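Chemist: Which chain is which? The protein sequence lines are H and X, in order. 2 is the number of the first residue of the first sequence in our numbering; add one for each residue after it. 2 is the number of the first residue of the second sequence in our numbering; add one for each residue after it.
Everything labelled a hint here was simulated from the structure, so no lab data went into it. The reader is advised that the hints may include incorrect statements.
Same chains, same label: a pair holds when it works inside one copy or across any pair of copies.
[Unchecked claim] Quick list of in silico lysine-lysine cross-link-like pairs, DSS-like style, CA-CA up to 27 Å:
#: 1; residue 1: K9; residue 2: K66
#: 2; residue 1: K35; residue 2: K7
#: 3; residue 1: K35; residue 2: K9
#: 4; residue 1: K97; residue 2: K66
#: 5; residue 1: K7; residue 2: K66
#: 6; residue 1: K66; residue 2: K35
#: 7; residue 1: K97; residue 2: K7
#: 8; residue 1: K6; residue 2: K66
Please read these numbers as outputs of a predicted model, since none were measured by experiment.
There are 2 protein chains.
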Amino acid sequence: MGASKKEKFEASQTRLADFARALAHPARIAIIQKLAESKTCICGEIVEVLPLAQSTVSQHLNDLKEAGLVRGEVDGPRSCYCIDPERFAEMAGLMKEFIDAIARAVPSKKCC
Amino acid sequence: MGASKKEKFEASQTRLADFARALAHPARIAIIQKLAESKTCICGEIVEVLPLAQSTVSQHLNDLKEAGLVRGEVDGPRSCYCIDPERFAEMAGLMKEFIDAIARAVPSKKCC
DNA sequence: CTCTCTTATCGTATATTTACGATATACGCT
DNA sequence: AGCGTATATCGTAAATATACGATAAGAGAG
Numbered sequence: 002m003g004a005s006k007k008e009k010f011e012a013s014q015t016r017l018a019d020f021a022r023a024l025a026h027p028a029r030i031a032i033i034q035k036l037a038e039s040k041t042c043i044c045g046e047i048v049e050v051l052p053l054a055q056s057t058v059s060q061h062l063n064d065l066k067e068a069g070l071v072r073g074e075v076d077g078p079r080s081c082y083c084i085d086p087e088r089f090a091e092m093a094g095l096m097k098e099f100i101d102a103i104a105r106a107v108p109s110k111k112c113c
Numbered sequence: 002m003g004a005s006k007k008e009k010f011e012a013s014q015t016r017l018a019d020f021a022r023a024l025a026h027p028a029r030i031a032i033i034q035k036l037a038e039s040k041t042c043i044c045g046e047i048v049e050v051l052p053l054a055q056s057t058v059s060q061h062l063n064d065l066k067e068a069g070l071v072r073g074e075v076d077g078p079r080s081c082y083c084i085d086p087e088r089f090a091e092m093a094g095l096m097k098e099f100i101d102a103i104a105r106a107v108p109s110k111k112c113c
């Protein structure tokens, strides 16, 4: 990306952008929904549901782990993944705060 | 991206992911905040606020326009940008719906 | 008409993302 | 120990994103 200048922005903006980045692919959306739906931690069932190769799913899971939204534990030969409630709540709070602030400031009328 | 397979996912997942993608850069977050803050449509003032070159800002504005969150009109030598209230509300609705559905399904306890 | 100012677009370089196959790793089981 | 299953990682390829400078396009001022 030609040298991303994320460090020049406010921390809160970068933080929200990073969370948004984690949601910026339908596969990761689907993974989160699947993890939430089956409350018991799932492992490779995700691969069967998604139209992607196993290695690609593993990469998306890693992206979500790095964003903090998902936790993963290696439980023997099969890994256990689940949503991190605290981090997800943090993301939800930031996102809603952002959305509401914008919605409050922008009237429903169009200006141009 | 090695041939993005977004067409293989559900439309709602792709739709939300696309909106998230628009928010996935601090510069675009900052632009939206700036546009909301100064309710009158701004043009080049955005460039002065952001630590980016004019052409880069123009590109980010275009990204937001393609996502539908921002509208732009060419008003003579200076362009007029503003948030599209309807599209923003649509994004807000999808995002909140997603977040709430996950939060409802995931208990506050950790499973792994 | 020309000059100037503002914005968009083009060209380009580099970084990152997405994706897959192949391989390595880790564990349970026999 | 050896086998089979499940997951992670490596290597690689192609698409996209980010960024900037340079240039083009548009409108108003003189």
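Chemist: Of all the hints numbered above, which does this structure not satisfy? Sort the numbers upward.
Modeler: none
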